[in-house]
Amino acid sequence: MGEIDGRQHAGQAYHGGGPAFDLVLSKLHRPTVRPGTVRRSSLIDRLARDDPQPIVSVVAPAGYGKTTLLAQWAERNEAAFAWVSVDEADNDPKVLLTYVAQALDAIEPVGRRVFDALASPASSVPGSVVPRLGAAFSAMTAPVVLALDDVHLLHNSECRAALSVLADHAQGGSRLALAGRSEPPVRVARLRAEGKILEVGPGDLSLNRDEAASLLRAARVVLGADEVTELHRRTEGWPVGLYLAALSLREGGSLDSAAISFGGDHRFVSEYMESELLARISPRQREFLTQTAVLERMSGPLCQAVLDQPESAATLADLARSNLLLVPLDRRGQWYRYHHLFRDMLLAELERLEPGLAPVLRRRAAAWYLHNDLPEAALESSIAAGDVDEAADLVGKMWLPVYRQGRVTTVQRWIGWLDDRGAIEGHPMAAVSAALLAVILGRPVEAERWGDVLDRWQYGNTGRPDDPAAEAWAAVMRALLCRCGAEQMRADADEAVRGFAATGIVAPVAQLMQGIARILCGDPEGGDAFFEDVVGFGELAAPDTLSNALGERALLAMAHGDWSQAEALASQARSVLRGSGFERPLNSAVQARVALHRGDLPAVRQELVSAQRLRPLLTYAQPHLAVQIRIELVRVHLALTDLAGARTLMREIDDILKRRPALGTLADEAEALRDRLARERRSSIAGSSALTAAELRILPMLTTHLSFPEIGKELFLSAHTIKSATKSIYRKLGATSRNEAVTRARGLGLLEG
Amino acid sequence: MDQATRFQETLRKLAIFDERFVEAGSGLDLAGASALDPKTAALLQLGASVAIGSSAVCLQWAATRALAAGATRDEIADVLLAIAPVAGLGRVVSAAPDLATALEYDIEAALAELDDP
Chain P
1 MGEIDGRQHA GQAYHGGGPA FDLVLSKLHR PTVRPGTVRR SSLIDRLARD
51 DPQPIVSVVA PAGYGKTTLL AQWAERNEAA FAWVSVDEAD NDPKVLLTYV
101 AQALDAIEPV GRRVFDALAS PASSVPGSVV PRLGAAFSAM TAPVVLALDD
151 VHLLHNSECR AALSVLADHA QGGSRLALAG RSEPPVRVAR LRAEGKILEV
201 GPGDLSLNRD EAASLLRAAR VVLGADEVTE LHRRTEGWPV GLYLAALSLR
251 EGGSLDSAAI SFGGDHRFVS EYMESELLAR ISPRQREFLT QTAVLERMSG
301 PLCQAVLDQP ESAATLADLA RSNLLLVPLD RRGQWYRYHH LFRDMLLAEL
351 ERLEPGLAPV LRRRAAAWYL HNDLPEAALE SSIAAGDVDE AADLVGKMWL
401 PVYRQGRVTT VQRWIGWLDD RGAIEGHPMA AVSAALLAVI LGRPVEAERW
451 GDVLDRWQYG NTGRPDDPAA EAWAAVMRAL LCRCGAEQMR ADADEAVRGF
501 AATGIVAPVA QLMQGIARIL CGDPEGGDAF FEDVVGFGEL AAPDTLSNAL
551 GERALLAMAH GDWSQAEALA SQARSVLRGS GFERPLNSAV QARVALHRGD
601 LPAVRQELVS AQRLRPLLTY AQPHLAVQIR IELVRVHLAL TDLAGARTLM
651 REIDDILKRR PALGTLADEA EALRDRLARE RRSSIAGSSA LTAAELRILP
701 MLTTHLSFPE IGKELFLSAH TIKSATKSIY RKLGATSRNE AVTRARGLGL
751 LEG
Chain X
754 MDQATRFQET LRKLAIFDER FVEAGSGLDL AGASALDPKT AALLQLGASV
804 AIGSSAVCLQ WAATRALAAG ATRDEIADVL LAIAPVAGLG RVVSAAPDLA
854 TALEYDIEAA LAELDDP
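Line by line, the protein sequences are chains P and X. The opening residue of the first sequence carries number 1 in the numbering used here; numbering runs sequentially from there. The opening residue of the second sequence carries number 754 in the numbering used here; numbering runs sequentially from there.
Please keep in mind that the hints were generated in silico from the structure rather than gathered at the bench. Where a beta carbon is used, it is the ideal one built from N, C-alpha and C, also for glycine. Treat the hints with care, as some may be off.
[Unchecked claim] Sample of chain P residues facing chain X (criterion: CB under 8 Å; computed from the structure): (1) R647; (2) A678; (3) R681; (4) H705; (5) N739; (6) T743.
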């Protein structure tokens, strides 16, 4: 069923060079302008004139023809048009920017690096994705208009910050056009002062009398000149108001009706809808309209399933021919959506007529999506229906593939929704996904919380149903969090491997944990055997798991002094990662040590910088890797006599060990290094290598237009802390302004762009 | 750089305590040869900064130097206790929050929270 709406079964692995997940292709189709649509010629002249402003902002309430204006402009425009219709699901920066990248890619290839950054779950949006995408946008060889419709739906602050920075990359005749109901997420006041923004508002979009007359003609409504004037006066030129009035008149309503009086005011429109429009159509049609309004996108078969009526597909086809408020989403006439305003009104009407029916309909939609192998759409429908159990089951199945596509914020939204309903306690796979996500995103407090939930599920709940897969994953989580020390980690990892074997699940990450636990327990040979097992899984193992196993083997080889073996393993690990486009901090540490042994200092510095970029994600939520990687990095910094850098890392090691003291051999190694550093009387300048993990976490945010308090809000820190940390960052980078700090950090490779 | 922006640059560099700039302007060699080892020197600078009521950014600078020279955070905090009898408790108390921030310990949040983070 891969053809449906261009969205295929989610879950394939990222292979590079394109979007990591299946796109809803209709979001990238510029809506076709229907014959008879009123032409906004003078507005389009303004948009298309020479010497254009790089930013176009179209802001007006629903029904003013924002989309139509952009679509007409695109039809006339000689420059290439990249179109994205934003929806609620785009409140994940990786999702939104994947659509933007794909829209631009269709005009001129944006390059593999853009998609690599988008597909990586751990890549920084302001630090990697936006600079790469922005560079690709500025580098377009011919001017492009990048148009985003319905941007008011974006409430995610990372998405909004990203668009604000992208706006700076609209250069060389390329333009960024943003249409929505509220002010776009760019620095409007500043752009206005610089004369870089063209603003179109409701006043510009209102139809004049002649345009109103041609709209009515196109809707096949015959009125006298006075009547047209009167209708135009009452609707204040609001296009959708005029159109709704026309529909009502066509169905036999009269212009005398007082209800036709609204100038962009939705309250009156819904009253009018109720008393005029819906009252005049057949009950069957009314039922179809109000009930299908629960669907964001609809096709004949889907409507049939939701309404449970075989003739629904035909009704949809009829409606598509006669109603302008049904927007076609593809060129084959299979998928449609209602005009947003119309849909809102229909939903309100449904709630009034048949309260409680909406969830039933959404449930049917979820079943249809599942049946048609569209689990993600099913999940969204279950969420909309408020079906916690169904949603939790689907999250348990979907989170890993979706996470692997880089769509971390999407998974977090699902988990947050379940959490708000107290539904994670009873659904262990949801807790596993929440915990693992928190570990990978470097949020130890959250990771511990979900770890507790898993423990309660396993040990506090004797009546729990058998769920061997969840048991095995819970054991992986316990090993990963390593809250009870090395010995327990080994037992947990062993239990996980037995559990997966019994259920037939392939999860090499469990063998990786077994190996790491062996090393902590002082059994490197035993550890190496498990790492070999992981490597033996080959393509079945995720690239990050595989590269970590190869990296661990390389470190063991170094410990034996077998440098040729270490180099071979390190380069194998590198090629695994290169294929996936991901970066892993263990790999950077291993490469740095290998390069140091070769005496290749530029390569050492480069690896140290990439380790710095990734280090904020290494917290006590995965204490073994967090400490092990830092130990290797301390060794490299010591060899370079960068004592300030080594001491910064050592402090972070101490902080982790304070929380997780029982890390076996790693704790011993850390102690030896600590003693060595304590004996060192020299000092070195606290430069960029002395940036702390907390400072490194703030650094990418400096590339956005966010203020210090806004950055604080993003990172759950006080504005005071951000201000102080920023001064420290500036000092360590030798910069005196935010711009200079970003430039320096880019020069060093700490930031991209 | 023209005169109009030079004063701004000067003030910005001072405001973040740009080490090279301060050295060049004052003729001091802050990291130079000394009979004191770097850590002792840095801890003394820190203690003196607290004693004369220096601003937060000076404390941050001194703390960063001390850490780079191998001082532990315990040692840095103990500087406050060590100088309290001569500098006065008032100075030491008022420096504590800024020094905490410099050591990346958000003392305001810690005092506001129910559980110590």
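Against the structure, the hints:
For R647 (chain P), the suggested interface contact is upheld, since its CB lies about 6 Å from the closest CB of chain X, less than 8 Å. Hint on A678 (chain P) holds. Least Cβ distance to chain X is approximately 7 Å, under the 8 Å limit. Look at R681 (chain P): its Cβ gets to within about 5 Å of chain X, closer than 8 Å, so that hint holds up. This hint is violated: H705 (chain P) has a C-beta 20 Å from the nearest C-beta of chain X, more than the 8 Å allowed.
A cut of 8 Å between beta carbons decides the hint on N739 (chain P): the least distance to chain X is about 11 Å, and the hint is violated. The restraint placing T743 (chain P) at the interface with chain X is violated, with a minimum CB-CB distance near 15 Å, outside the 8 Å limit.
Hints 4, 5, 6 from the earlier list are contradicted by this structure; the remaining hints agree with it.
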